[in-house]
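**Student:** Residues per chain, in single letters:
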Amino acid sequence: MRNDPLDLTPLDPSRDPERWRGMMAAVMRRVEPSIRSRAAVAPTVLGLIRGWARVAVPAAAVMAALALGISQVLTGPTGPVLARTDPVEQWLVGDAAIPAWLRADRPPTPADLWLASGGVR
Amino acid sequence: MLDSDARLVEQSRGGDPAAFGRLVERHLRTAYVVALSVLHEPADAEDVAQDSMVTAWEKLDQLDDPGHFRAWLLQIARRRALNFRRDESARRGVPLELAESAASGAATDREVMRHELQARLLHAMEGLTETERAVLLLHDLDGLKHREIAASLELPAGTVRYHLFNARRAVRARLTDEQQEDHDAQ
Chain V
95 MRNDPLDLTP LDPSRDPERW RGMMAAVMRR VEPSIRSRAA VAPTVLGLIR
145 GWARVAVPAA AVMAALALGI SQVLTGPTGP VLARTDPVEQ WLVGDAAIPA
195 WLRADRPPTP ADLWLASGGV R
Chain P
505 MLDSDARLVE QSRGGDPAAF GRLVERHLRT AYVVALSVLH EPADAEDVAQ
555 DSMVTAWEKL DQLDDPGHFR AWLLQIARRR ALNFRRDESA RRGVPLELAE
605 SAASGAATDR EVMRHELQAR LLHAMEGLTE TERAVLLLHD LDGLKHREIA
655 ASLELPAGTV RYHLFNARRA VRARLTDEQQ EDHDAQ
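Sequence order for the protein chains is V and P.
The numbers in my numbering rise by one with no breaks, and the one at position 98 of the first sequence is 192.
The numbers in my numbering rise by one with no breaks, and the one at position 157 of the second sequence is 661.
What the hints contain is simulated information worked out from the structure, not anything from laboratory work.
You may find that some hints are simply not true.
The list that follows gives simulated cross-link-like pairs (lysine to any residue, SDA-like), each with its CA atoms no further than 25 angstroms apart [stated by the list, open to error]:
# : chain 1 : residue 1 : chain 2 : residue 2
1 : P       : K563      : V       : A119
2 : P       : K563      : V       : A154
3 : P       : K649      : P       : E620
4 : P       : K563      : V       : V135
Anything over 10 angstroms on all C-beta distances counts as not near chain V; from chain P, calculated [as the list claims (entries may be wrong)]:
#  : residue
5  : S508
6  : R517
7  : E529
8  : Q566
9  : N587
10 : R618
11 : E630
12 : L657
13 : E682
14 : Q683
Every residue, glycine too, gets a C-beta built ideally from N, C-alpha and C.
Kindly generate the complete structure, drawing on both the sequences and the hints.
**Tutor:** Printed below as a string of structure tokens:
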């Protein structure tokens with residue numbers, strides 16, 4: 095059975111080249127002003143960078159704040175260590191806290207023991 | 505080197521009228537063919553094809569994959585043709601252009617003969633489905649390959665071959681019948 099292409103050229107609008115060019119020109123007349131106006135506002139390289147910076151700078155600030163917060167949580171406070179230590183620790187590290195009986199190299203009296211155990215003089 | 509559709513789309517988006525002009529040159533006839541497969545009237549199909557190209561420009565930013573410009577344009581052309589058919593359901597019998605030129609005595613024998621041939625072909629295609637008509641016109645009039653038609657109409661290539669075979673056979677049979685009727689009448 096024959097299955098070669100049909101001759102459909104009578105339906106081809108480009109058979110009349112002048113008319114066909116007129117059709118294409120008609121389309122371009124309708125769209126060209128709009129395309130040209132877009133070219134006028136087409137983004138420049140500097141414009142693209144400015145647009146990018148508008149988003150990137152605030153985002154970077156937020157990221158920096160978050161990073162600082164996380165760093166604080168992980169490393170702990172940087173204030174004086176002794177402020178948080180308990181009395182025994184203070185007593186062991188500081189010269190001023192060494193009781194007189196120990197500095198004099200003599201046995202403690204009951205009063206010294208009372209003081210060392212947290213009693214009030 | 506031939507610019508790809510994707511490149512021309514990008515250049516058009518950047519405001520290059522020449523690039524869009526190339527897309528019009530390349531695809532206006534395809535839009536016409538799809539419109540004709542819906543409308544059966546060349547003058548209407550020409551109008552719809554032009555409107556479809558304008559719509560394509562207006563919506564160019566909505567095209568996700570610039571490489572699929574043709575398939576996207578065909579969808580626009582088909583939708584516009586269906587809307588046109590719905591809006592103009594009471595169709596005129598004689599193309600307005602021919603009627604006007606005939607009335608003014610300007611229609612040449614050649615124009616009249618061309619319209620007769622068009623009418624004969626379109627009448628022979630009336631029994632086809634819309635898909636068969638689209639496949640036949642895209643292949644035998646617009647010169648697209650099976651795989652290009654398959655991609656444009658979102659059909660398997662085998663289905664395109666099947667529709668093309670059926671469409672040609674049906675149109676040939678109808679044209680032969682009409683010739684026989686004309687011969688018998690003389």
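**Student:** Next, verify each hint and record whether it holds.
**Tutor:** Okay, the hints, checked on the actual structure:
| no. | hint | in the structure |
| --- | --- | --- |
| 1 | K563/P / A119/V | holds, 20 angstroms |
| 2 | K563/P / A154/V | violated, 35 angstroms |
| 3 | K649/P / E620/P | violated, 29 angstroms |
| 4 | K563/P / V135/V | holds, 18 angstroms |
| 5 | S508 | holds, 19 angstroms |
| 6 | R517 | violated, 8 angstroms |
| 7 | E529 | violated, 6 angstroms |
| 8 | Q566 | holds, 15 angstroms |
| 9 | N587 | holds, 18 angstroms |
| 10 | R618 | violated, 6 angstroms |
| 11 | E630 | holds, 14 angstroms |
| 12 | L657 | holds, 18 angstroms |
| 13 | E682 | holds, 14 angstroms |
| 14 | Q683 | holds, 14 angstroms |
Checked against the numbered hints listed earlier, the structure breaks hints 2, 3, 6, 7, 10; every other hint is satisfied.
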